[in-house]
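Visitor: Spelled out, the chains give:
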Amino acid sequence: MSDKPKFAMYWAASCGGCEIAVLNIHEKILEVDANFDVVFWPVAMDAKYKDVEAMEDGSILLTLFNGGIRNDENEHIAKLLRQKSKILVAFGSCACEGCIPGLANFSPIHEILGTAFSTISTDNPDNLRPQTAFDMPEGQIRIPTLYPVLRTLDQVIDVDYYMPGCPPESHQIAAVIDLVIQVLQGKAELPPKGTTIGAGNSTVCDECERTRNMKTIKEFDRIQFSQTDPELCLLEQGIPCNGPATRSGCGAKCPSAGAQCIGCYGPAEGVEDYGARLISSFASVIDATDPEEIDLILDGLVDPAGQFYRFNLAGSMLRASKAAFKANGS
Amino acid sequence: MTELQTVDLPTTIPKHKKSLLSEVAARTAGKSNIEMCIQCGTCGGSCPSAADMDHTPRAIFALLKAGVRDEALRSNTPWMCVSCYYCTVRCPQDIHITDVMYTLKNIAVEEKIYTDSTAPDFSKTFINMVENYGRSFEVGLAGIHNLKHFIGRLPGMTPMVIGMLTKKGMPITPPKRIKGMAQLKKILKRAKELEAV
Amino acid sequence: MTKNNEEPRIGVYVCHCGTNIAGVVDVENVATWAKEKLGTQGVVVSRDYKFMCSSLGQELIEKDIKEHNLNRIVVAACSPHLHEKTFRTATSNGGLNPFMCEMVSIREQVSWVHTDKVIATEKAKSMISGGVARIVHHEPLQPMSVPIHPATLVVGGGISGIQAALEIADAGYPVHLVEREPSIGGHMAQFDKTFPTLDCSACILTPKMVEAGNHPNINLYTWSEVEKVDGYVGNFVATIRKKARKIVEADCTGCGICQEKCPKKVIDDVFEAGLGYRKAVYTPFPQAVPNYPVIDVENCTYFEKGTCKVCEKFCPTNAIDFEQEDELISIEIGNIILATGYDLFDARKVSNYGYGRLANVFTSLEFERLTNASGPTGGEIVLRDGKTVPKSVGVIHCVGSRDKNYNEYCSSICCMQSLKFAHLVHERSGAEVYNFYIDIRTPGKGYDEFYLRLVEEGTNFIRGKVAEVSDTARNSEEEGKLIVQVEDTLVGKQRRIPVDMIVLSAALEPRADAKEVGKLFGISCSANGWLIERHPKLDPVATMTEGIYIAGCAQGPKDIPSSVAQGAAAAARVIGKIQKKEIELEPIRASVIEEKCSGCRICNNLCPFNAILFHEDRMVSEINPALCQGCGTCVAACPAGAIIGTGFSNEQVLSQIEGLLMLNIEAAATD
Amino acid sequence: MSDYIFYPGCAMESSARAYDISLKAISKTLGIGIKDVDDWNCCGATEYLSISATPAYALIARNLALASRQVNGSNTVMASCSACYLNLTKADHNMAVDPKFGIKINQALEAGGLSYQPGALEIKHILDIMVNDIGLEKIKSKVKRPLEGLRVAPYLGCMVPRPDYASRFSDAEQPVELDMLLESLGAEVVDFPLRTACCGGHMTQISPDTAFDLINRLVKAADDQQADLMVTACPMCQMNLDAFQGEMNHHFKTNFKMPILFFTQLVGLAFGYEASELGFGLELVSAKSALSKLGMKAPESDSAAKVKKPPKGELPMPAPLPKMPRSAEKEATQ
Amino acid sequence: MSDNNFEPTIIGFTCNWCSYRAADMAGTARMKYAPNVRLIRLMCSGRLDPTFVFKAFANGADAVLISGCHPGDCHYVDQNYKALRRFHLMKRVLSQMGIEPERIKLLWASAAEGAIFASEVSKFVDQVRELGPLNWNKQNGGIAAAEPAKEEVAA
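Protein chains in written order, with the working numbering: chain A, 1392 to 1721; chain B, 936 to 1132; chain C, 2 to 672; chain D, 4 to 337; chain E, 549 to 703.
If you're looking for bench data, these hints aren't it; they were derived computationally from the structure.
Computed from a prediction, not measured in an experiment: that's the story for all the values here.
By construction, the Cβ of each residue, glycine as well, lies at the ideal position given by its N, Cα and C atoms.
Check each hint, because a few of them may be wrong.
[As the list claims (entries may be wrong)] Here are the simulated lysine to aspartate or glutamate pairs, EDC-like style, with alpha carbons at most 16 angstroms apart:
| # | chain 1 | residue 1 | chain 2 | residue 2 |
| --- | --- | --- | --- | --- |
| 1 | E | K580 | E | E648 |
| 2 | C | K405 | B | E970 |
| 3 | E | K580 | C | E617 |
| 4 | C | K520 | E | E661 |
| 5 | D | K223 | C | D117 |
| 6 | C | K266 | D | D167 |
| 7 | B | K966 | D | D167 |
| 8 | D | K103 | B | E1130 |
| 9 | B | K1124 | D | D167 |
[Unchecked claim] Covered stretches of chain B, as calculated for chain D (at least 3 residues, CB under 8 angstroms):
| # | region |
| --- | --- |
| 10 | 969-981 |
| 11 | 1000-1007 |
| 12 | 1021-1029 |
| 13 | 1033-1046 |
| 14 | 1077-1085 |
| 15 | 1099-1109 |
| 16 | 1113-1122 |
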C-alpha cells in the first residue's frame, strides 16, 4: 500500500448522479489518483465492507458521502465511515438535505411499499412483499431493513463539511479537490467545520443574467404553460423560480437555459428553513390585499410544499424536528 | 295619542342566550343585526303603512330589547308590513328589518298570539293553496278570503271581479297540480320538522 | 454562547407589583426556579421584589450589575409599554447598554387575566424562560443621530395649517406653507358665524391670514401642491408644483380690474360651494391672501377658443401672462405638518333626501354661503329662486354620518353647526325651524348652553332620522312644499312636516385624495380614510413616520377650536424637535448584508417608507437607516436571509420560541 | 343567442297574462331563448315567509334546485315578477351568507331528492337583462315605431330595487334603468317621484284602506305629472293599480283613469307589434285613449318649458348624479 | 393521552402597536381568558417570518396565533397585508405537511379591542383543544421515528 492519503466515496439513498459528477471532472480525476489512494468507492472499484471495518479509525483522510439514510445498511456504513474518516463531507443534496428521495417523507411507509409492490404496473400477483431475512438452501440471505423515513446524513452522524447540489457542479468538485490537495501541500487551510463548500455565499440570482425589476405578482403559472420573456426575471413573469432563495454556485444554469431554478443547491448561509424563506418572499410580493384574490393567485402554485421543499423536505425544520419525530414515534 | 301608562317591564333583562332579542335574531335567516338598533326611527319614518301600525318598527325593537314579549308579538306591526324594504335599505345600522318582521310573524303564528286574524288567515289560506297545488290561485284566494273577512266589501268589488274574470280572463278553476307535488310535500314536511328543532 | 463570545451573565427580576402580580403568581417560587433551572442559560442572579419600578427596585438592578458583573437583565413585571424605558434606564445606569434589558409582561398577560395560581405561575415561568433565551442574543444598540433642518413644510392653508405655520414662524424658524387653492383660509373662510359664540368667522380669520401672508418667516405657496417627498426626519426634500397662475405676481397689484372685466361667468363650486358664480379670472373671495387672482384655464375663453384676452387689455400693470407655465420648486425641510382638511360628503348619494333633484334642498356648506354677508345673496336666507324667504326650514342632522350605508363615524361638528343654522334662520328670516336629530351631541365649552338657547328660541326639535324628503304632496297643506317624512320617535308616530327649505348637515369626509397624500408622505389612513395618528390618546398629532405630523380635520372631523389646538400642538412638537438640533432615531431597524444580497429585488417595493434602494451598478439593495422605521417586513421577506433586523433578529425570536416551549418539551420528555 | 332559464311565477298565467304574452313576443325580436324551469312551484310570495321560515325557503329553494339542474351554458335565471325575483335572490343570498341556514334548507330539499348550491345560479329580473345584458343600443336598433308623444310614468315598485343585496342592479331609491329603457323607445318619460314607492302589496286583501291610500298616492302623482299611462315591471303592482283603481276612486271619491301597463307591452309596441299581439285589452282601465296619442307630437307642455335658463337672481342648482345604470357605475369606479 | 385533559400550548405573535396593546388592554380591564397562549412581541405582523411559525410547531407548540392591526390600520401603512398573504400560503403548506390549517389563526385586533382579543384567544384555545395535540396527520405522511418499520417488512 502506498502512503498517499486515503480517499473514500460512498452512495447511500441516492441516484448515482453524484458519482457521475465526480467522474465528470475530466483530467482532474488523474490528480485524484495521483494524490490519493482510493480505498473504498463501490461504484468505481471493488471493495468489501469488512476491508473498511478492518481499517484503523481516522485512517481515511477524505470521504465524500452521498445519499440520505433510508435503511439500516445506509446507517451502518455512514457510522462506519465516520469512524474511519478524518474529514467526512456530506456530498450532494441527498446527503445534505434529503433531496428527491426525501420527498417520500410526505407518505407513510405502507403507502410507499404499496406503490412499489402493489400497483397495476407491478407484476406481483401474490402481493408479495420483500422480507429482510429469507432462508435459502445456501443459508439465510438478508436485505437491508427499510426505515419509515429518510434522514439526512447529519441527522445520523457528525458531518464536517457540506457540499450541495444535485449533483454538485463539476467545476465546484474540481475546486474542492484542488483545495484539499493544497491543504495537503500546506498551501491552504481547511475552512471551519460545518462550512458549506463548493458553493457561493449568495443566491442564484447573483449569477443569473436576467433583468430584474420591482416585483409584483398578479398570477403564478407553470413554465410549461406560459410564454416567457428570455431576458426578464422569471419570478416577475409569475414563474415560481426558487433562485432568490437558493444558494449560488451552480452558475444559474437553469434560469440561463430558460427553466426556473428548482433549488438543488439548498438554502443560503445561515438560513434556518429554506421553504419558509420562499413562502415568505413569494407571498410578500403578491399583488393583492383581498383574501379571496390572494387565494386565487395562490391557486397558481399547484403544489406549494413540493415547490418549496423539493430538495430539503427531510432536512426542513418541520420534518426534522424532534416534535415531529416524537409525535409519530410509535 | 295614547296616554303614558305603566308597562310591565321586566326589571332586569337576563343576559343569557335565551333573551327575546337573540331568539328573534337566531330565527331570522341571514344576519339580522337586530341588536344594533340605535332607535333613530328611520324605519318608522320610511314605512308606507306606519300610520296603521300600533307600534312603529323602532318601538318594536325597543320592546324586544326590553323583553316585553307579549306586547311585541301581539302588535299588528309585522302584519301591516308591506315588504317594501324601504326600512331595510335606509337603516343606518344595516338591520334587516323586513326579515325581522317575518320572524315576528312566524313566532306569533306558532304561538297563536295576534290581535286581528285577517292577515294571518290570508297568509294561511294562501299557503294552503300552495301546499295543495304547488301554485297559487288568485281568484280562489281572494274569494275565500273576502268571504271570510270582508263580506261587506263584496258588492263594491263586483265590477272589478267581473272585469277580472271576463276582461282579464283570469281562470276561475284551481291551477293544475304540479307534477312533483309528492316531492314538494316531502320537502315541506321535512322543512317543518327542521323549523321545529 | 453569544455572538461576541461573551459568557452571558443574566439577572432575572420578578416584580410583585404589590399584590397585582404576587396575588396570582407565586413570585418567590418563580424567582427561585429561574436561578435553578435557567442557571445553564446564564442566569446568575434571580430576585423577586415588591415594586421593581420604584427607585429602590431600580437601584437593585444597578447594584447587581456592578456586584455580580451582570451583562444582561430580564425584568418580569408589567407591560413593556409601561416601564420598558424605566428599566432600560436602570440598565444603562448600571453601566450596560440599555438594550441589554428585556421585559416580560407577567401582569397584563398573566396575573390580571388568569385566575388559577398554579397555571399562572407555570405560564410566568415559561415566559421568563423565553425572555432569558432571547436576551442571550441581545446586542448593544446605539441610537442614530441625525441633524434637523430648521425649516418646516406645512401642507394645507386652512385654520389649522395657518395656526401651525404662525406658531413656528413666531418662534423664529422658517416655514413653507403650501395651499392647493388660490388663497389660504380653507373652509373657515366660507363660514359666516362660528358656534357657539357666533363671532364672525371672517373677522377672526382674516387677521391670521394677513399675518401668515406677511410674516417674514413664512414662504407662502398658494395654487401649489406637493408633488414629491424624499428623505427622512430632519432631512426631507419636497418638490412643490407651483401651478401657473397666468398672472405675474411681482407685477400684480390686486386691483381686481381683470375680474371685473372678464366676460366669462363660472359656477364657483369650491368657495361658493356651487351656490354662486365667479369669473374665469378670479380671487376666491375679497380678503384672499395673497390677493393675486388666478386664471382658470379650463373655463377661460382665451384658452378655450384662442381669442378674448380682455383681462390683458385692461390690466394696468401688464401682469397677465398667458404663456406662464407650472414651476417645480425643491425645498429642504426638517419636519412636515399635514393639515389637509376635509371634503364635504356628496349629499346626492342619499337619494331619498333629494339633493340635486329638489331645488330647495341645500347642503350645510351651501347654507353657510347663503348666510354669509359676502355670499351670493348678501347674507339673505332665500330659496333657490333667489328671492323667496322661506317660512319654514328643516335642518337634518347626520346626513352621511352615523350611517353604515355611508360613513359609520359621527362627524362631530354637525349638531353644533345645525344649531347655529337654526339660530341664523330665526335671526335672519323669522321662519319656523325644525331640527331633525338622532342624538344632540354638544360636548364642548359653552356648547350645551347654546343648545338650550336654541330650545328657548323656539326651535322645533324632532328626534328621528329623516326617512325621506319629497315634493309629492298628499294634501293641500303639503302642496308646493318639501315634505319631511320622519318618525317622531319620542311620540312613536310617523309625521309629515311640510317646509320650504331643507338644510342637510352633511358629513365631513376624508379628502378624496387622502390615500394618495398618505402614500406620498409615507403615512397611513385608517379604514374610514382619515390619516392615522401615532396614538389616539397620547400622541394625537404625531404619525408613525418620524418628522411628519398631522393637524386639524385631516386626522378626523373636528371643530375650529380643536383644529387650532392641534395646529398649535403640532407646531410645538416641531419647534421642540428643531431646538434639539439633532434627533436620535430608535436603533430598531433593518440592514442588508451586502455579500449575501443577490439583488433579487424582492424587498424593493415592500417598504412603505421608501427606505430600500437598489444599486443597479453593484446589483445589491441597501436600506437607508434613517428612513427605516423598523417594522421588519423586509427582514422576514428576504429569501436569502440577507437582511437583518436589530432588536428583533431571527436568533432572538427563534430563541424566545425555544425558551417559551422549553417547559412543555421537558414535561413531555418525562411522560 | 343567449338562453335564459325562465321562472314565470303564478301570476303570469292568470292576472299578468299581458306580461307573459308581450314578453314572449319581444323575446323573438331580441332573439333570446326562454325555457321555463321544469315543474316550478309557487315562490310563496310574501305569505309563506310570514308563516314559517324554513318551509318558506325550502319552497323557494325547490325552484332553485330544479333550475340548477337545467343549467346548460347559461346559469342565468330570469324572473318577471318582482316578488318571485326577490324570493329567489333572497333564498340564494341567505343560504350563502348563513351557511348553517343553507345546510338546513338543503336538508329539507334532500327529502325530495334535491339540493342547491348557493351561488350556482345568477338570478336576474327581465329589466336587468334588457338594460344590462342586451343593452339599450340593441333595443334602440330594433325600434320601428318610436313611442313619440307618449308621456309615461315609470313605476318600478319595491322588490326590484330593494333590498340592497350586492347583486342588485339598480339604485334602491331612484333607479334609472326603466326610465332609460323607455327613453330608448322614444317615449317621453316623466320624472315620477314615486318610482319605487309601494303599491300596497297584499294590503288590498288585508287592510283595504291602507292599500287604497297607497294606490291613490301613486296614481295621483302620475296624474299630477300629466302622464298618459304608468308602466310597471311587476304583476302585483299592475294588478293593485289597475284592478283596484276603481274601488280606490270610489273610496276617495276621485275619478282617475290611469292605464297601467307592463313595460314589455310598450317595448312590443315600439318594436312594431300590433296591440293585439301584446295582450292589450286585458287591462281593466283601458289604455286605448292613451295609445291613440301615439305617433302624434304632444303639445309643448308647461313643465317642459319650465326648465333650463334660470331667471336672473336664481341660485345655481347642484348637478344631479350622472344618469347611468348602477351596474355601469360600479364598473366605472373599479 | 386522554384528549379530555389536553391543554394545548400556543405561541402567539403580536405586533407592537395594535394587538400587543390589545393584550395589555385585556389585562388592564382584567378580562379573563385561557392561559394557553404565550405571546411574542414583534414590531409588526409584517415581521412574521414563516420560520417562526414552523419553529414553534417544530418545538412542540400545538397551534400558532398571529395577530396584527386591522387591514388598513397598520402602523406601518400596509405591512399587515404581507402577513395576510404569508398566512394564506403558510396554511396551504402546513396542510400538505400534515398539520391542520385550523392550527394557525390570524386575528386582527386594534389597541382598543382587548375584549375581542381575549374572547378570540379563548375561542381559539377551545378550537385547538378540540383538534387535540399536534400529531402530524398520518394520512398526509406523518413522519415516524427513525426505527425500522417492522410491521411492514414482516408481512
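Visitor: Hint compliance check: list the failing hint numbers for this structure, sorted ascending.
Guide: 1, 3, 4, 5, 6, 9, 10, 11
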